[in-house]
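A.B. asks: Given next are the chains, with one letter for each unit.
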Amino acid sequence: MKPPSRRFKPTSKIEKLVPALLILLLLALIATLAVIGLSLAGVTPQ
Amino acid sequence: MAYLSIFSTVITFIFAVAVFVRYARKKRIYLLLWGVGLVFYGLGTLMEALLLFQFNGGALKLWYLSGAMLTAAWLGQGTINLLVRKRGVAPALNLFLLLISLVALAVVLAAPLTAAASTYNITRPASEQYQAILTRSGLMIFLTIFLNIYGTLALVGGALYSAYLFWRKQVLLNRVFGNLLIAGGALLPAMAGSFVKAGLVDWLYLSELLGSIVMFLGFLMATAPQTAPASSTQPV
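Residue numbers (the working numbering), protein chains in the order written: chain A, 1 to 46; chain B, 1001 to 1236.
Next comes chain A alone, as it looks inside the complex (with noise of 0.2 Å):
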């Protein structure tokens, strides 16, 4: 019996949700760096 396929095409939906996700998490990742950094050197307002 053939094996299952690990390919896939994505739907509508998900081709516009992933890259959407994407960039989102890209975007929080940069931002909280910045924070992280800023925060734990105390530069940011208490």
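Hint data in this document are derived by calculation from the structure and do not stem from the laboratory. Just so you know, not all the hints are guaranteed correct.
[What the hints assert, rightly or not] Calculated pairs, SDA-like style, for lysine to any residue (alpha carbon to alpha carbon, straight line, at most 25 Å):
(1) B:Lys1027 <-> B:Ala1224
(2) A:Lys9 <-> B:Pro1225
(3) B:Lys1169 <-> A:Leu26
(4) B:Lys1026 <-> B:Ile1014
(5) A:Lys9 <-> B:Val1171
(6) B:Lys1027 <-> B:Ala1016
(7) A:Lys16 <-> B:Ile1141
(8) A:Lys13 <-> B:Gln1170
(9) B:Lys1061 <-> B:Ile1141
(10) A:Lys16 <-> B:Lys1061
(11) B:Lys1061 <-> B:Tyr1003
(12) A:Lys9 <-> B:Leu1172
(13) B:Lys1061 <-> B:Leu1200
(14) B:Lys1027 <-> A:Lys16
(15) B:Lys1169 <-> A:Ala31
(16) B:Lys1027 <-> B:Val1089
Just so it is clear, the structure is predicted and the values come from calculations on it, not from any experiment.
Dock chain B against the given chain A, drawing on the hints supplied.
C.D. replies: Structure of chain B alone, referenced to chain A:
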């Protein structure tokens, strides 16, 4: 609030056991490092829970060392071992992290507690009060910043990079979403310090709990055997 930390601890240790079981089967170093990182995560939330019942200087130091310094770095180190293929690089970074972690242990153990320890308020979180109690040297602050930035960048950046690669190749949709969940889950506790600064203390506990759950779901999704094409996709 303590029950949120207790839930986080239980879920994180279950997650750690799942990762160690997978390590026992696969013998891949990245799984061992993720497991160690999760043990630090669980120790951090456990000490946080303990500090909501009674103040203890050792618990505060262990909370700071594991939760604020080592968790992100060891989890991120796992991802580096998964993704970096160039011979010798990952082992060198492993040794570097081990040495840095030992230095972190030494500086935290040597850090004196101030008289403010006697006025510790158990109804408030440790993260709101530790700066007045734990005397942090310049080296300790530098290591905390360095380890957190290094670990967050490696863990979240690595998960996003993996998700992007699977997406670009259009293979294993479960790993695309699994890695997106790992990235999102890892960002939640990373942002916890900002929640405290903004006065959203309850969010701190919630972000740690949600972070652990979301990362665990991401791990389970990414490692699930694909026996059939995902329902939201059409097989090609």
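A.B. asks: Starting from the hint list further up, note which numbers the structure goes against and sort them upward.
C.D. replies: Violated hints (numbers, rising): 7, 10, 14, 15; every other hint is consistent with the structure.
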